[in-house]
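S.K.: If you want the building blocks of each chain, they are given just below.
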Amino acid sequence: MSGTDQAAPDSAADSALPALEASNLAKSFGGVRALNGVDLAINAGEVVALLGENGSGKSTLVKILSGYHEPEPGGSLKMNGVNVPLPVPLGQARTVGLSFVYQDLGLAPDLQVVENLFAGHRVTSGAGSFARIKWGAEREQARQIFESYGVKLDPSAQVGRLRPTSQALLAIVRAAEELREYRREYEQSGGVLVLDEPTVFLPEHEKVFLFDLVRRVVADGFGVLFVSHDMTAVREIAHRAVVLRDGAKAGDVAVATASDADLIELVSGHRLDRSAIEQATTHAAGAAIETAGDVVLSVNDVHGGRVHGITFDLHAGEILGIAGLLGAGSEDLPYVLFGDGDGAGGELTLPDWSGDISDLSPSRAIKLGMALVPADRKRQGAVPDLPVALNMLSLSLESFMQSGFLRIDKLIGIANQRVETYDVRPRDASLNMSALSGGNQQKVLLSRWLEQSPRVLLLHEPTQGVDVATRHQIYELMRRRAAQGVAILWVSTDFDELATVSHRILLCAHGQIAGSMAPPFSRDRITSEVYSATAHGAAKEVTAA
Amino acid sequence: MMTTKVDTSAEQTASSSSGGAPGRSSARSRIFNARTAEASLLPFAFVLVVAGFGIARPDTFFQWSNFTSIFGLNAPTMVLVMALLIPLTNGDLDLSVAELYGMIAVLVGWLNVNQGWAIVPAILVGLAVGTLCGAITGGLIVRFGVNPLIITLAMGSIFDGVALWLPNQLSVVGISPKLTDWTVLHHILGIPLDFWYGIGIMLIMFYVLTFTPFGQRSLFVGQSREVARLSGFKVGSTRFWAFVVGGFIAAIAGVLSDGVLGTATPQSQGGLLLAVYAAAFLGMTTIQPGRFNAVGAVVSVFFLQVAVNGMNLVGAQSYVQQLFYGVILVIAVVTSRVINSRRAASAARATT
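Protein sequence lines correspond, in order, to chains U and P. Residue numbering for the first sequence follows the working numbering, starting at 28 and increasing by one per position. Residue numbering for the second sequence follows the working numbering, starting at 659 and increasing by one per position.
Simulated from the structure, these hints should not be mistaken for lab results. Incorrect hints may appear among the rest.
[Stated by the list, open to error] Straight-line C-alpha distance at most 20 Å; calculated SDA-like pairs for lysine to any residue:
#1 P:K892 to U:D386
#2 P:K892 to U:Q491
#3 P:K892 to U:K90
#4 U:K405 to P:R883
#5 P:K892 to U:A68
#6 U:K437 to P:V866
#7 U:K437 to P:T868
#8 P:K892 to U:Q429
#9 U:K394 to U:L377
#10 U:K394 to U:Q491
#11 P:K892 to U:R391
#12 U:K394 to U:K405
#13 U:K405 to P:N998
#14 U:K437 to P:F872
#15 U:K161 to U:L189
#16 U:K405 to U:P546
#17 P:K892 to U:L422
#18 U:K437 to P:Q946
#19 U:K394 to P:G803
#20 U:K437 to P:Y865
#21 P:K892 to P:Q946
#22 P:K836 to P:L919
#23 U:K437 to P:N998
#24 P:K892 to U:G370
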């Protein structure tokens, strides 16, 4: 059994100076206060969890520490008692004793473990860019480093072929080595490791390896800032939890003395109603809630990606919200249902088609009346170097054919009408897509799919990077379409948005539907239920493994 | 097939509530003017080149017969550039077209001369083999998801090898004069027939790329495979058929070269490859700037050939041709890049 016996969560080494002491950090974006004078202290040898839902200011805080954002004047940062001038030099955070591991890990998948580990400072026989790299010595050194952290990794393995957990371990070891390097170089004793949601995509029963590693790092006297949604992980390794809500500190509690309910209440600001949670989490998938329209999409035990067996019905005229934390599987669901998931399976029933999802492809799904608006607008949604008209009407080109010729004038004419209808600015469909703001691009994409008169509309984070005014236009547009009988599946991590638009909400955790909610919704209620469903599911998975 | 359903009610309310957008026509005309200026850059350079050499060599260069011979002799190159356009629009570089062209030229000549076939069946077999080779190349690339650059380079080497192997590394001499009759000896409006074949193929290509859903979808495939896939476009088959059509057109170019030269010589086609790529990219700067386009490519082919011809007539050495193609390819690629980013910038300005 790995590690629950070590590092009792109150044994934070009390050294004289905190490893990190930030005070009064603030940041606004165009009038919106993202961070409102937050203080944060991390002692040497202490793991501090940073909790908070999306938009609470967590990532703004992390980005101030990494130097990506410049905080407003008045804030200060001390590392190991020494004042660090703000902003932290971008890309140079390690020179002040900060090292980061992000969710995407930042590894080069085609390279070997050693190459990733020593990326910045290969072991060479001399100085200069062309000194001979000593591969043998490097491997040996890597082996020693891994051993010192109690991690089993083959230095010559290709990183892309490692399990996700091993990749995460490598990234953390690399970051910790950076801190050791910093200590040697500057003859310092501090150093803080920032882990930004590193456990999101890892299987529950493998997270213990990560926790063991973090404990080793802490044993070296480093401080750790652990940014996570994962209540179980927080409980496992953190000594203290700092909770942000709406850009301000909502709480700073010792984890050992706080219950799950306390933490969830701090995150959501919502008094937890035990019976409501019980009800939400025990109401299994498919618990039918009366809805007006007929079932237009019936999903039975669908899996693929991080989706592990999801079952639900979607009704005509309904906006069904899917609420899940990042990594819960909800982010893969729309693509799987659209036939774009590799190795996906499960049964799907539409009014005039029924079969296994592996037989579905995007083109087939479109023919069956489905539409998908992906979250990644830049990569999957629009082509920036083509005109708005073409991006908007790319699925209906055949209807602009006249005696064998594609009538581009008509295409632009109709596109200009749509530009009016959907209030796209500027009102010129011949401009390239790249000339439009994010919100206007999103309107173009929505109009592309609405042009097809879909019966089922799959939306994934449809208002990401969209300004507030446009957001509300999009909500209104979708409500109108639903009223006309379109069935809408709305996957989002923005619970405020889900509370605003949904008729019904399913909670997604660990790749499954963990419960359902009926109105009235509020952001706080959704947040608390999602968090507790996730914590509940994690406990189950660990005992099963 | 999907049809467009016009939501008239929503449209009327919207157009009545928000009147016309002020400043839209001026923004568009500003972009349009910049676009027209860019588009006419190459034709302008063309006129300058003709005028320059015309003044320098009025007796040899500035003769109608000189131009008709340039048109007739370079029709195979002009056709070969057309083979590149659809793959390029799809975002695939095909480096094997020139070698495929060379191989088909040798194959048709070899069947006709060495094997004693009649010219028509020889041509038909040549066209079929060219199409098949395009299918093999495209099939490998799409089926196995391999880098087209490497595969087409390798296929080019194979085609080159076959071209040398068939006639035992010798030139094929004495190809049926009927083919020559129907390529360069018969004239329409004083210009050899093969030029008109090329114009025909150019018009078809222009039509396919500009006036068919296939051509417009190719733009999406070339710009973003992800977007195209999630739009339900069949990315794999679009790319595959582009190679098939490319192989067929390259084969036509090979047959025409047999007619123009009367012989087929197995040789490396590196210089020709550079010439067709220079023309395709230079064509991107004119007519429909920013896109690979048929008419622009043809204008570019003849711009390059007229310039080379003029340089020869004023006494330049033959290596100047290689220098010239290389320099033009660099200029063309850089220019179209600059045009595209300038346009993006001016469009962004127009929105504010």
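S.K.: Each hint should be assessed against the structure and marked as holding or not.
M.R.: Hint check:
A distance of roughly 15 Å separates the Cα atoms of K892 of chain P and D386 of chain U; the hinted pair therefore holds under the 20 Å criterion. Proximity of K892 of chain P to Q491 of chain U is assessed by CA-CA distance (about 28 Å); at most 20 Å being required, the pair is judged violated. For the hint linking K892 of chain P to K90 of chain U, the alpha-carbon distance of about 41 Å lies beyond 20 Å, and the restraint is violated. For the hint pairing K405 of chain U with R883 of chain P, the CA-to-CA distance comes to about 12 Å; that is within 20 Å, so the pair holds.
Under the criterion of a C-alpha separation no larger than 20 Å, the hint pairing K892 of chain P with A68 of chain U is inconsistent with the structure, at around 54 Å. Among the hinted pairs, K437 of chain U with V866 of chain P is consistent with the structure: their alpha-carbon atoms are about 18 Å apart, no more than 20 Å. Proximity of K437 of chain U to T868 of chain P is assessed by CA-CA distance (about 14 Å); at most 20 Å being required, the pair is judged to hold. Restraint check for K892 of chain P and Q429 of chain U: not satisfied, since their Cα atoms lie roughly 23 Å apart, outside the 20 Å limit.
For the hint pairing K394 of chain U with L377 of chain U, the CA-to-CA distance comes to about 12 Å; that is within 20 Å, so the pair holds. The straight-line distance between the Cα atoms of K394 of chain U and Q491 of chain U is roughly 27 Å, outside the 20 Å bound, and the hint therefore fails. For the given pair, K892 of chain P sits about 10 Å from R391 of chain U by alpha-carbon distance, which is consistent with the 20 Å threshold. A distance of roughly 24 Å separates the Cα atoms of K394 of chain U and K405 of chain U; the hinted pair therefore is violated under the 20 Å criterion.
Taken as a hint, the K405 of chain U and N998 of chain P pair is honoured in the structure, with Cα atoms around 18 Å apart against an allowance of 20 Å. Taken as a hint, the K437 of chain U and F872 of chain P pair is honoured in the structure, with Cα atoms around 17 Å apart against an allowance of 20 Å. Straight-line distance between C-alpha atoms of K161 of chain U and L189 of chain U comes to about 24 Å, which puts the hinted pair past the 20 Å bound. A distance of roughly 34 Å separates the Cα atoms of K405 of chain U and P546 of chain U; the hinted pair therefore is violated under the 20 Å criterion.
Between the alpha carbons of K892 of chain P and L422 of chain U the distance comes to roughly 12 Å, so the proposed pair stays at or under 20 Å and holds. For the proposed pair K437 of chain U and Q946 of chain P, the alpha carbon gap of about 19 Å is at most 20 Å, so the pair holds. For the proposed pair K394 of chain U and G803 of chain P, the alpha carbon gap of about 26 Å is over 20 Å, so the pair is violated. As the CA atoms of K437 of chain U and Y865 of chain P are separated by approximately 17 Å, the hinted pair is consistent with the 20 Å bound.
Between K892 of chain P and Q946 of chain P the CA atoms are separated by roughly 25 Å; this puts the pair beyond 20 Å, and the hint is violated. Simply put, K836 of chain P and L919 of chain P have alpha-carbon atoms about 13 Å apart, close enough for the 20 Å limit, and the pair holds. Taken as a hint, the K437 of chain U and N998 of chain P pair is broken in the structure, with Cα atoms around 25 Å apart against an allowance of 20 Å. Between K892 of chain P and G370 of chain U, the direct Cα distance comes to roughly 19 Å. Compliance with the 20 Å bound is thereby established for this hinted pair.
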